[in-house]
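Chemist: This is what each chain is made of:
2 protein chains.
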Amino acid sequence: MTTSPLRPLPPLDPAAAEPFYRQIYDRVRGAIAHAVLKPGDRIPSARALAVELGLARGTVEAAYALLAAEGYILARGQAGTIISPELDPRALVGPVPHRVPTQVAQSFRPDSILPFQMGLPALDAFPRKIWARLGARCARAIQPATMAHPPASGSSALRTEIASYLRLSRGIACSPSQIFVTSGYRQSLQLIAQALFKAGDAIWVENPGFPPTRDLLGHMDLKPVPIPVDADGIDVAEALRLAPHARAAVVTPAHQSPLCLSLSLPRRMALLDWASQGGGWIIEDDYDGEYRYVSRPLPALKSLDRDGRVLYAGTFSKVLFPGLRLAYLVVPEAEVERFDAIMHAFAGGSPELVQAIVAAFIKEGHFARHIQRMRKLYAERRRFAVASLEAILADHLRVDAQPGGMHLVLRLRERRSDRALAARMLENGLYAEALSDWTVSGGHDPALLVNFTNIDSRATADRLAHEILRLI
Amino acid sequence: MTTSPLRPLPPLDPAAAEPFYRQIYDRVRGAIAHAVLKPGDRIPSARALAVELGLARGTVEAAYALLAAEGYILARGQAGTIISPELDPRALVGPVPHRVPTQVAQSFRPDSILPFQMGLPALDAFPRKIWARLGARCARAIQPATMAHPPASGSSALRTEIASYLRLSRGIACSPSQIFVTSGYRQSLQLIAQALFKAGDAIWVENPGFPPTRDLLGHMDLKPVPIPVDADGIDVAEALRLAPHARAAVVTPAHQSPLCLSLSLPRRMALLDWASQGGGWIIEDDYDGEYRYVSRPLPALKSLDRDGRVLYAGTFSKVLFPGLRLAYLVVPEAEVERFDAIMHAFAGGSPELVQAIVAAFIKEGHFARHIQRMRKLYAERRRFAVASLEAILADHLRVDAQPGGMHLVLRLRERRSDRALAARMLENGLYAEALSDWTVSGGHDPALLVNFTNIDSRATADRLAHEILRLI
Numbered sequence: 000m001t002t003s004p005l006r007p008l009p010p011l012d013p014a015a016a017e018p019f020y021r022q023i024y025d026r027v028r029g030a031i032a033h034a035v036l037k038p039g040d041r042i043p044s045a046r047a048l049a050v051e052l053g054l055a056r057g058t059v060e061a062a063y064a065l066l067a068a069e070g071y072i073l074a075r076g077q078a079g080t081i082i083s084p085e086l087d088p089r090a091l092v093g094p095v096p097h098r099v100p101t102q103v104a105q106s107f108r109p110d111s112i113l114p115f116q117m118g119l120p121a122l123d124a125f126p127r128k129i130w131a132r133l134g135a136r137c138a139r140a141i142q143p144a145t146m147a148h149p150p151a152s153g154s155s156a157l158r159t160e161i162a163s164y165l166r167l168s169r170g171i172a173c174s175p176s177q178i179f180v181t182s183g184y185r186q187s188l189q190l191i192a193q194a195l196f197k198a199g200d201a202i203w204v205e206n207p208g209f210p211p212t213r214d215l216l217g218h219m220d221l222k223p224v225p226i227p228v229d230a231d232g233i234d235v236a237e238a239l240r241l242a243p244h245a246r247a248a249v250v251t252p253a254h255q256s257p258l259c260l261s262l263s264l265p266r267r268m269a270l271l272d273w274a275s276q277g278g279g280w281i282i283e284d285d286y287d288g289e290y291r292y293v294s295r296p297l298p299a300l301k302s303l304d305r306d307g308r309v310l311y312a313g314t315f316s317k318v319l320f321p322g323l324r325l326a327y328l329v330v331p332e333a334e335v336e337r338f339d340a341i342m343h344a345f346a347g348g349s350p351e352l353v354q355a356i357v358a359a360f361i362k363e364g365h366f367a368r369h370i371q372r373m374r375k376l377y378a379e380r381r382r383f384a385v386a387s388l389e390a391i392l393a394d395h396l397r398v399d400a401q402p403g404g405m406h407l408v409l410r411l412r413e414r415r416s417d418r419a420l421a422a423r424m425l426e427n428g429l430y431a432e433a434l435s436d437w438t439v440s441g442g443h444d445p446a447l448l449v450n451f452t453n454i455d456s457r458a459t460a461d462r463l464a465h466e467i468l469r470l471i
Numbered sequence: 000m001t002t003s004p005l006r007p008l009p010p011l012d013p014a015a016a017e018p019f020y021r022q023i024y025d026r027v028r029g030a031i032a033h034a035v036l037k038p039g040d041r042i043p044s045a046r047a048l049a050v051e052l053g054l055a056r057g058t059v060e061a062a063y064a065l066l067a068a069e070g071y072i073l074a075r076g077q078a079g080t081i082i083s084p085e086l087d088p089r090a091l092v093g094p095v096p097h098r099v100p101t102q103v104a105q106s107f108r109p110d111s112i113l114p115f116q117m118g119l120p121a122l123d124a125f126p127r128k129i130w131a132r133l134g135a136r137c138a139r140a141i142q143p144a145t146m147a148h149p150p151a152s153g154s155s156a157l158r159t160e161i162a163s164y165l166r167l168s169r170g171i172a173c174s175p176s177q178i179f180v181t182s183g184y185r186q187s188l189q190l191i192a193q194a195l196f197k198a199g200d201a202i203w204v205e206n207p208g209f210p211p212t213r214d215l216l217g218h219m220d221l222k223p224v225p226i227p228v229d230a231d232g233i234d235v236a237e238a239l240r241l242a243p244h245a246r247a248a249v250v251t252p253a254h255q256s257p258l259c260l261s262l263s264l265p266r267r268m269a270l271l272d273w274a275s276q277g278g279g280w281i282i283e284d285d286y287d288g289e290y291r292y293v294s295r296p297l298p299a300l301k302s303l304d305r306d307g308r309v310l311y312a313g314t315f316s317k318v319l320f321p322g323l324r325l326a327y328l329v330v331p332e333a334e335v336e337r338f339d340a341i342m343h344a345f346a347g348g349s350p351e352l353v354q355a356i357v358a359a360f361i362k363e364g365h366f367a368r369h370i371q372r373m374r375k376l377y378a379e380r381r382r383f384a385v386a387s388l389e390a391i392l393a394d395h396l397r398v399d400a401q402p403g404g405m406h407l408v409l410r411l412r413e414r415r416s417d418r419a420l421a422a423r424m425l426e427n428g429l430y431a432e433a434l435s436d437w438t439v440s441g442g443h444d445p446a447l448l449v450n451f452t453n454i455d456s457r458a459t460a461d462r463l464a465h466e467i468l469r470l471i
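Taken in sequence, the protein lines are chains G and X.
As numbered in numbering that gives the first Met the number 0, residues 0 to 471 make up the first sequence, in order.
As numbered in numbering that gives the first Met the number 0, residues 0 to 471 make up the second sequence, in order.
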């Protein structure tokens with residue numbers, strides 16, 4: 000602890016193409032490969048190393064997060080950070096692979112939370128005591144029947160609670176047997192593809208749109224067709240022109256991802272007509288439909304589905320937290336048997352303990368209360384963030400007006416690369432995604448996507464806006 | 000509680016083709032559809048209804064388990080069983096779908112544990128207090144960093160513990176970065192297929208063999224080729240004759256599933272040679288390699304893998320319990336990047352809470368102790384079961400000698416249908432699977448597969464053997 004074992008490492012190179020966090024990452028990996036650092040060795044805290052190297056703490060944290068995520072180092076809280084004791088240095092000999100994807104935004108998942116990090120609810124405001132109490136109770140209650148294989152499609156208790164919640168909150172009438180519990184949106188989408196599509200099928204996706212949707216469909220040998228989004232949402236007429244024989248459309252009607260606009264009623268009806276007449280499927284990705292600040296949340300598109308053409312994908316990642324890995328799919332009654340068969344073939348169900356905690360959380364009313372509280376809190380945090388960003392960065396960007404969602408779209412006034420700025424922010428410990436990375440081909444002005452739900456005060460928002468100003 | 004609301008239902012028909020449990024299931028569904036039973040209505044306990052109908056309690060329990068699994072009824076422990084309050088009876092109008100698969104064995108997952116139920120460890124002997132303590136501690140310890148998206152390939156702590164365990168117990172040298180945490184064997188197999196195979200690829204599978212392996216490969220447009228198993232395990236020479244250009248082999252070297260024989264060393268070497276020379280892949284499904292009673296567990300086939308051709312699939316379902324939904328895959332170093340990319344595209348990782356509990360359970364030594372205890376207990380329970388079955392059913396069946404595993408193979412002496420007998424046992428509250436359902440085309444003598452790990456005494460074993468005798 001007195002001397003830094005990282006001091007003998009090759010110095011960082013400010014002129015290098017690689018950002019500092021990446022240089023730190025490479026040097027630590029290199030030191031392990033050459034046995035300069037050995038399994039179990041202690042390394043300095045991110046704070047200490049940042050001071051020593053004269054870098055922002057966030058830069059070192061980003062490097063450490065990556066090293067931890069890949070298993071090279073182990074953070075042990077107050078006991079400090081060490082090289083993973085079980086690491087075999089021989090595994091590292093040879094060129095250091097570049098596992099950091101170029102589109103950092105889509106895959107980079109640091110171990111510690113960065114300001115503006117996308118996809119996260121207000122983790123500081125989660126009712127952790129209630130959660131701990133329910134967790135302890137459910138862990139104590141395990142018994143043979145709940146230790147055996149859980150039903151592949153989800154526990155009866157959780158499916159019942161979800162059906163009841165959807166009816167009250169999202170206007171969706173469905174029975175518990177139509178609900179399929181999954182490990183996340185990706186599994187829900189995969190399940191749909193396995194049940195309903197065949198290789199080569201064209202699928203409309205929104206442009207700009209959530210990149211993992213495109214990626215997953217592509218990996219499954221399907222053909223995602225990007226359809227432009229305007230102020231009313233996905234342009235259905237254009238979709239019919241671009242891919243008239245598409246099998247399905249993946250849409251985000253509540254708050255278009257990432258532009259946060261709502262799909263207009265005429266467009267909703269046009270989509271439903273298309274699906275009913277041509278046997279198409281609509282996949283409604285309702286990832287944060289609860290969070291609308293200008294009025295009551297809109298009913299889900301699924302609530303208008305008279306002919307059983309809409310598959311509704313919900314998730315607990317945003318309304319509870321992503322570490323849960325719990326989501327669900329509502330399937331039209333006529334397709335339930337087919338989805339049951341696919342679930343049995345491909346999946347063994349979600350962990351009983353996690354399902355039991357969430358079912359109890361909903362049943363006892365904590366869920367509804369939490370959403371109400373978060374709706375107020377997010378409206379407030381959104382105000383903080385918008386006020387600071389507009390006051391401090393008025394010359395450089397403007398903030399899109401949006402009715403809801405959990406992130407802001409910051410339009411850059413100058414024609415500069417949003418990717419380069421997002422990368423610079425990440426190097427400096429601030430998270431942002433570039434709208435360009437969410438767009439299939441040009442057409443959109445440069446913009447940053449930043450989450451506001453973890454900005455806990457106007458002072459924090461001011462500080463962060465000043466940090467961005469320094470980087471522009 | 001005084002009168003049975005099920006009494007007005009149509010009476011059961013002993014002459015019908017459908018077994019009694021299925022008739023009960025259909026009648027309850029029908030009563031809900033016709034509003035004879037309404038959401039929230041209380042129904043009699045399985046015990047009371049069995050008395051009333053003059054049936055074995057297990058028969059009614061099987062019907063209730065199915066109804067509960069599909070969300071029609073809700074068991075509330077001492078508060079009794081009710082029609083699910085959230086059920087929409089309109090969803091049931093129309094013909095009652097036949098969702099019970101004809102091959103009951105593969106998909107039927109009752110809510111309560113049946114005697115002989117396959118795939119289950121000794122649930123009564125699980126250290127539940129330790130589990131509850133760790134569960135409570137981990138639930139209390141959640142914090143923003145662990146509430147965010149977990150690493151898609153598994154938590155660093157758990158991967159480190161698994162790597163260390165595999166080295167000590169299964170002779171496998173690997174780094175934590177080679178370990179991919181999944182939700183079960185099915186997800187592991189799916190991940191392999193997505194990373195390494197293309198549509199139409201032929202894959203050797205064992206015959207007889209675990210039916211879900213065949214099913215899953217078929218669903219993924221791959222071509223499972225059944226290869227006969229003899230006393231040495233999968234017949235590699237025959238495999239080369241039947242499908243010389245196969246891309247991969249799925250094998251169960253420790254205890255062949257379901258015959259429990261070990262893959263001989265010459266066969267292991269033949270498989271490895273084939274894979275190394277032709278670029279084939281070996282998928283080692285090591286579902287219960289720990290449980291061997293005649294000598295120390297054999298090292299895994301993976302421990303002999305010099306050229307990085309073996310993908311090792313391990314699971315916590317058997318050594319802990321299946322409700323966890325936690326398994327893992329060990330991937331050759333050269334393939335790690337490819338699997339990382341596939342994990343990021345398809346999966347969001349396993350729940351942080353469950354991973355944290357299991358990592359702590361291993362790290363604190365409970366895991367190694369539990370396996371040691373179970374190895375002794377299973378050897379004892381196996382003796383009980385074999386002694387009773389051989390004493391009481393000697394005229395009708397003989398028990399295969401096996402070095403390990405968690406189930407017995409009961410060979411029927413007469414040429415009768417193992418499927419019919421297994422179905423009769425299930426109707427009467429006893430679980431069994433028919434070897435015929437694990438065999439692709441004839442050739443095998445009729446046999447039952449029954450799990451012995453939950454048979455807690457010689458007296459229980461005697462009672463169960465007498466019950467089978469009554470049904471033969």
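Don't take each hint at face value.
Treat identical chains as interchangeable: a pair holds within one or across any two.
Said to hold, decoys possible - Straight-line alpha carbon distances no greater than 25 angstroms define the calculated PhoX-like cross-link-like pairs of lysine-lysine that follow:
{"no.": "1", "residue 1": "K128", "residue 2": "K37"}
{"no.": "2", "residue 1": "K197", "residue 2": "K222"}
{"no.": "3", "residue 1": "K362", "residue 2": "K197"}
{"no.": "4", "residue 1": "K375", "residue 2": "K128"}
Note that these hints are calculated values from the structure, not bench results.
Chemist: Run every hint past the structure and note whether it holds.
Modeler: Tested hints:
Within a single copy, K128 and K37 get their C-alpha atoms no closer than 39 angstroms, and across copies no closer than 37 angstroms, so neither meets the 25 angstroms cut-off. For the homomeric pair K197 and K222, the shortest alpha-carbon distances inside one copy (10 angstroms) and between copies (17 angstroms) are both at most 25 angstroms. Taking the shortest Cα distances, K362 and K197 never come within 25 angstroms of each other, neither inside one copy (39 angstroms) nor across copies (45 angstroms). For the homomeric pair K375 and K128, the shortest alpha-carbon distance inside one copy (20 angstroms) is at most 25 angstroms, but the shortest distance between copies (40 angstroms) is not.
Consistency note: the structure conflicts with the earlier hints numbered 1, 3.
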